[in-house]
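Chains as they are written, first to last, in my numbering: chain U, 434 to 746; chain C, 16 to 155.
Don't read these hints as lab results, they were simulated from the structure. Being a predicted model, the structure only gives us computed values, none of them experimental. Even glycine gets a Cβ: it sits at the ideal position worked out from N, Cα and C. Be a bit skeptical, because a hint or two may be false.
Listed below are the simulated DSS-like cross-link pairs for lysine-lysine, each with C-alpha atoms no more than 27 Å apart in a straight line [what the hints assert, rightly or not]: (1) U/K555 to U/K452; (2) U/K606 to C/K89; (3) U/K670 to C/K102; (4) U/K621 to U/K670; (5) C/K102 to U/K621; (6) U/K606 to U/K555; (7) C/K102 to U/K452; (8) U/K474 to U/K452.
Here are the in silico distance ranges between beta carbons for each label pair [to be verified]: (9) C/K110 to U/E700: 38 to 46 Å; (10) C/G37 to U/T683: 33 to 41 Å; (11) C/G118 to U/S483: 57 to 65 Å; (12) U/L570 to C/Q93: 25 to 33 Å; (13) C/G37 to U/R478: 38 to 46 Å; (14) U/T683 to C/S32: 39 to 47 Å; (15) U/E580 to C/S97: 38 to 46 Å.
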Amino acid sequence: MRRSALEITKSQELVYELKIGQVMTREVVTVAADTPMSQLKEILRVQRISGAPVLQDGRLIGVISIEDLIKTLEAGRIESTVSESMTTVVETVFDDESVIQAVNKFALRGFGRLPVVSRDGKLVGIITQGDIVRGLLQQLDVEYHEEEIHRYRASHIFEDIESDQTGLLLRYKVLPRDFVHGGEASSKLKRALERLGADAQTIRRAGIATYEAETNLIIHTVSGGEIIAEIRPERIKVTAIDDGPGIDDTDKAMEPGFSTAPDWIREMGFGAGMGLSNIAVCADQMRLSSKAGSGTRLEMSFHLQGGERVRTR
Amino acid sequence: MNLKEVLTIIEGRIISSEVDLGTDVSMACGADLMSDVLSFTHAGTLLLTGLTNPQVVRTAEMAGIAAIVFVRGKLPPQETVSLAESKGVALLASKYTMYETCGRLYRAGLPSCGLFEPVARRWQEAFENAPDIETFRRGS
Chain U
434 MRRSALEITK SQELVYELKI GQVMTREVVT VAADTPMSQL KEILRVQRIS
484 GAPVLQDGRL IGVISIEDLI KTLEAGRIES TVSESMTTVV ETVFDDESVI
534 QAVNKFALRG FGRLPVVSRD GKLVGIITQG DIVRGLLQQL DVEYHEEEIH
584 RYRASHIFED IESDQTGLLL RYKVLPRDFV HGGEASSKLK RALERLGADA
634 QTIRRAGIAT YEAETNLIIH TVSGGEIIAE IRPERIKVTA IDDGPGIDDT
684 DKAMEPGFST APDWIREMGF GAGMGLSNIA VCADQMRLSS KAGSGTRLEM
734 SFHLQGGERV RTR
Chain C
16 MNLKEVLTII EGRIISSEVD LGTDVSMACG ADLMSDVLSF THAGTLLLTG
66 LTNPQVVRTA EMAGIAAIVF VRGKLPPQET VSLAESKGVA LLASKYTMYE
116 TCGRLYRAGL PSCGLFEPVA RRWQEAFENA PDIETFRRGS
């Protein structure tokens, strides 16, 4: 259910990323300026289109539509030429512009189609709202498959690489007091575990514990620290290390509610002294070693259970 | 209970774009302490909070929170909304206080995340094995 919300946001992103040239129709049916309207009628009927760009010496000079044709028929001027009835002020888009430019023009002006020109003024295609929808769907499909492939490749990594003991080492740097990027290391680790096919419960436990450890590095360290995750088929080991200031009394630091966090951290909803005890609950094994004046090393292990472990078959 | 029902009960508003109102939440947690959210929730929880910084969304992401309701009419800054949209976390808002927003949902049948084992253990150590509580019980 949450995927649909994610993908709609993704499609909003795509209208900025995708270029008009990627989604437009390249084979454009054009008509010459001196084409009689009677002949245009046949072209529209045979090609099953509702309008066409008008060219003169290869340059775009107007657009003629089925509405223009109806008006000429009503006026009994079916033998007049296209150039007499066409719209001459032509709104165009460039092929290297984002799809959003076309979306906006469709929305604002109510056009059915827009001729696409290159920067040197040549007509290179035509774009309709249908082209945009089709292009977005295709791109979403491509990206979805790419993620599937990432997942597939990652989940087979332990089968594909043979050794007596295969492990994957992921290192993340954490900067002190950098709350803007706080949580990115944990977020990336979580995504890696998802791609590796770990079970949801273990991912959640490891994610929360790592996030608590990452928050501690941000709040308390002098010069930041590092989070190192070692992933093996049967277990994940996450180590958070820093070089100071160190903890006076690790037993006391483990007590729920004991905190040395400053007020500004507390205002953000952290620093209540629950982090280490929460890590102890989430992790299958935990080891905290520290010395005041030097650094702190926190090790957490998470067992991947039975059939739900990282795939090894 | 889905998010559409939640919105009706709390008379709330949608804050992030493209929220799927069909998303189900099976329990809720009210907290202004992110450490509590990390400790006392399950995946699929609805979070009610008065904090609006981006770390609330990070916390939700790590804890598998399905949606966040900001209480007391507080609205999050754009950076919080952007992060939520990129992580697929739905954002809603309520003009009522934390107590009333939670109360409305609880009365409508949305349960809490339950009692957690470390808490239950601490509680037992503090009270239920203690003789003075026994005395108190006998006396009442």
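Which hint numbers does the structure go against, in order from smallest to largest? 2, 6, 8, 9, 10, 15
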